[in-house]
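Peer 1: Sequence:
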Amino acid sequence: AIMKASPSLTQQSQKVLLDAVPKDLVSDLSRYFLPDGYYDTFRDRFPYNVHPLAFFDYDEERIVADLEGAGWKTPKDTDTNSSNCLLNAYANHCHLKRHRFHPYVWEIANMVRQGVMNRDEGIQKIYTDQNAAQVAYAKHRLAL
Numbered sequence: 107a108i109m110k111a112s113p114s115l116t117q118q119s120q121k122v123l124l125d126a127v128p129k130d131l132v133s134d135l136s137r138y139f140l141p142d143g144y145y146d147t148f149r150d151r152f153p154y155n156v157h158p159l160a161f162f163d164y165d166e167e168r169i170v171a172d173l174e175g176a177g178w179k180t181p182k183d184t185d186t187n188s189s190n191c192l193l194n195a196y197a198n199h200c201h202l203k204r205h206r207f208h209p210y211v212w213e214i215a216n217m218v219r220q221g222v223m224n225r226d227e228g229i230q231k232i233y234t235d236q237n238a239a240q241v242a243y244a245k246h247r248l249a250l
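FYI, the numbering for the sequence shown is 107 to 250, going by this note's numbering.
No lab work stands behind these hints, which were simulated from the structure alone. Be a bit skeptical, because a hint or two may be false.
Claimed, not checked - For each label pair, taking beta carbons as the anchor points, the in silico distance ranges come out as:
1) Phe-148 to Ala-239: 37 to 47 Å
2) Leu-173 to Asn-216: 22 to 32 Å
3) Phe-162 to Ala-242: 28 to 38 Å
4) Phe-207 to Ala-111: 11 to 21 Å
5) Val-222 to Leu-115: 22 to 32 Å
Said to hold, decoys possible - Subject to a maximum C-alpha distance of 30 Å in a straight line, what follows is the list of computed DSS-like cross-link-like pairs (lysine-lysine):
6) Lys-110 to Lys-121
7) Lys-129 to Lys-245
8) Lys-231 to Lys-203
9) Lys-231 to Lys-129
The structure displayed is predicted, hence computed values, not measured ones. Beta carbons: idealized from backbone N, C-alpha and C, even for Gly.
The whole structure should be built from the sequences, with the hints applied where relevant.
Peer 2: Right under this line is the structure:
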């Protein structure tokens with residue numbers, strides 16, 4: 107629920123992102139990124155991520171039941187890690203292809219360790235193949 111951000115991981119992630127941006131846009135976008143000197147200067151005082159919802163009981167089945175009671179219907183066109191995003195399966199597919207691990211593995215592993223979700227459910231969410239039709243749909247809509 108409260109995690110200290112890793113300066114080296116943040117710096118590496120920022121570098122990967124900036125390396126993917128067209129070179130002519132980097133200077134315009136640089137104001138939105140941490141300067142390289144920040145990582146060493148503030149290494150011991152790097153910020154923490156606080157996830158406020160982690161302080162509340164989480165029961166996905168109960169949440170879904172409450173939402174369905176209000177008229178919400180579980181979408182049929184999203185993956186197991188999303189309730190509203192048609193790009194999620196494609197984004198997960200790209201992340202798996204590029205980095206060879208699921209983008210939600212860390213969060214799901216923590217949820218399993220904390221007893222929020224059982225191990226089998228965590229494994230299913232991480233290792234179930236991305237829905238090929240959803241991946242194809244997103245690629246088509248993005249003209250890729």
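Peer 1: Hint by hint, say whether it matches the structure.
Peer 2: Consistency of the hints with the structure:
1. Phe-148 to Ala-239: 37 to 47 Å: holds (45 Å)
2. Leu-173 to Asn-216: 22 to 32 Å: Holds - the Cβ-Cβ distance for Leu-173 and Asn-216, about 24 Å, lies within 22 to 32 Å.
3. Phe-162 to Ala-242: 28 to 38 Å: holds (37 Å)
4. Phe-207 to Ala-111: 11 to 21 Å: holds (19 Å)
5. Val-222 to Leu-115: 22 to 32 Å: Holds - the Cβ-Cβ distance for Val-222 and Leu-115, about 23 Å, lies within 22 to 32 Å.
6. Lys-110 to Lys-121: Measuring from Cα to Cα gives roughly 20 Å; hence the hint holds.
7. Lys-129 to Lys-245: holds (24 Å)
8. Lys-231 to Lys-203: Measuring from Cα to Cα gives roughly 17 Å; hence the hint holds.
9. Lys-231 to Lys-129: violated (36 Å)
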